[in-house]
Amino acid sequence: MQSIINSIVKNRNLIIYLILSFITFSFLYNNSSLHYNELGKISTYLSATSSKFSSSINSYFNLKQENEKLIDENLQLKKMESNYRFTQIDEDTLNSVNSAKVIVNSINKSKNIIVIDKGKLDSINLEMGVISSKGVVGIVKNVTDNYASIISLLNTDLRLNAILKNSSTIGSVTWDGLNARILKLNDIPLSSSLKVGDTVVTGGMSFYFPKGIPIGKIVNYDNSSLEGYYEIDVEIFNDFSSLSNLYILSRTDNNEIQSLIDE
Amino acid sequence: MNRELLKNISFYTIILALQLLVFNHFKLFGFVTPFIYLIIFIHYKISYDKTLLLLLGFLIGFIVDLSMQTYGCHTFSTITICYLRRRIEKSSFGINANLPLAMLKGTPLSSRVSFFLSLIAIHSIIYYSFIFFNISLLSTIFLYAFINSIATFIIVWIISRLISNR
Numbered sequence: 291m292q293s294i295i296n297s298i299v300k301n302r303n304l305i306i307y308l309i310l311s312f313i314t315f316s317f318l319y320n321n322s323s324l325h326y327n328e329l330g331k332i333s334t335y336l337s338a339t340s341s342k343f344s345s346s347i348n349s350y351f352n353l354k355q356e357n358e359k360l361i362d363e364n365l366q367l368k369k370m371e372s373n374y375r376f377t378q379i380d381e382d383t384l385n386s387v388n389s390a391k392v393i394v395n396s397i398n399k400s401k402n403i404i405v406i407d408k409g410k411l412d413s414i415n416l417e418m419g420v421i422s423s424k425g426v427v428g429i430v431k432n433v434t435d436n437y438a439s440i441i442s443l444l445n446t447d448l449r450l451n452a453i454l455k456n457s458s459t460i461g462s463v464t465w466d467g468l469n470a471r472i473l474k475l476n477d478i479p480l481s482s483s484l485k486v487g488d489t490v491v492t493g494g495m496s497f498y499f500p501k502g503i504p505i506g507k508i509v510n511y512d513n514s515s516l517e518g519y520y521e522i523d524v525e526i527f528n529d530f531s532s533l534s535n536l537y538i539l540s541r542t543d544n545n546e547i548q549s550l551i552d553e
Numbered sequence: 030m031n032r033e034l035l036k037n038i039s040f041y042t043i044i045l046a047l048q049l050l051v052f053n054h055f056k057l058f059g060f061v062t063p064f065i066y067l068i069i070f071i072h073y074k075i076s077y078d079k080t081l082l083l084l085l086g087f088l089i090g091f092i093v094d095l096s097m098q099t100y101g102c103h104t105f106s107t108i109t110i111c112y113l114r115r116r117i118e119k120s121s122f123g124i125n126a127n128l129p130l131a132m133l134k135g136t137p138l139s140s141r142v143s144f145f146l147s148l149i150a151i152h153s154i155i156y157y158s159f160i161f162f163n164i165s166l167l168s169t170i171f172l173y174a175f176i177n178s179i180a181t182f183i184i185v186w187i188i189s190r191l192i193s194n195r
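From first to last, the protein sequence lines are chains B and D.
Here the first sequence stands for residues 291 to 553, where the numbers follow this note's numbering.
Here the second sequence stands for residues 30 to 195, where the numbers follow this note's numbering.
Next up, chain B with everything else stripped away, as it sits in the complex:
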């Protein structure tokens, strides 16, 4: 206490100066319209700047929540898009779309697998189609309670039904295990017309994907094959090295179709 009093006595001139300055500013602020307006502007600027600063700090700490909110919003949009796409076939064909985060991913093997953080408890089942915001990613291969593994497009075992968007010529895409950006589009007869830049989408003739989900675009083709089919290189829209959020498509009629095939 004594030291506080000593400190006040020692700095009494500064304290008195500040008090007198405060009185002067009050006098100035209350009596001069010029100073009232200018000080008002400074006050507005300071409060706006400080609010902006605190708001940007809050935004930074809320980034995770904002990100999750955006993912949910994206999910809703994906559902709407899928529903719209299937309306012409059957409104109930596509049951739901789930979102998931990638926790394991590889692109440097011949049989690449992706693991996601959703499993049976989240209604993920075998052979569901998996897409990202840019297009097809793969098909669910194994499911545990909380996790699922996906056969990536970059897996030499996967063969996916595909069509050329412009001509609807049916073919299939595979990966030859060489270049992580390039797939092979097979079974397109030489009689079909195509050009570099044509988009390749899912054909819809499988349990996994509805028709029209983007896969990639043609970057190169060879029409000199003696077998009567093009050899086509397709550049994948997805960058598999940076996948993070995926969407799992669930179709309700898979079991029904499968039972018909089994009979």
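No lab work stands behind these hints, which were simulated from the structure alone.
It should be emphasised that the depicted structure is a prediction, and the values quoted were computed from it without experimental measurement.
Careful: at least some of the hints might be erroneous.
Claimed, not checked - Cross-link-like lysine-lysine pairs, in silico, DSS-like; alpha carbons within 27 Å at most:
1. Lys342(B) to Lys368(B)
2. Lys300(B) to Lys119(D)
3. Lys300(B) to Lys79(D)
4. Lys56(D) to Lys300(B)
5. Lys354(B) to Lys368(B)
6. Lys485(B) to Lys455(B)
7. Lys424(B) to Lys368(B)
8. Lys424(B) to Lys474(B)
9. Lys431(B) to Lys368(B)
Got chain B; can you put chain D on it based on the hints?
Just chain D now, kept in the frame of chain B:
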């Protein structure tokens, strides 16, 4: 002591009256009004109490503000130079800063000029900054402060010489 106090009060009253009745109406080039009341803070003896100087600065600045309708510009400039006076004394007079009448005699002329000019210039810059209160008019503020400081310095210096000779 009482005689000295009476003498000081008379001096402050005369200077203040001169400022209010004569120099407040003096408009050289339309804007130059010498602030001769600053002589009170220049001549305030180094040995006197600094807290009292602050209160005296506030009182005189406030009276001048009321007479000139400047709403606190003089008061703030005055209390600021009163607060900074100890530092200005040290920077101007150096080791002679403890002489009671250093600002009038017994010190080099350059030190006295520096002391006078520092106090007057700081006061003028603060005063015009508050009068214009606009950063875009910075050059005008400095021009007005410069011309006003010169005019004030000349008059204050002359009065100081007269007091010193007496």
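Hints broken by the structure, by number, lowest first? Numbers 1 and 4, in rising order.
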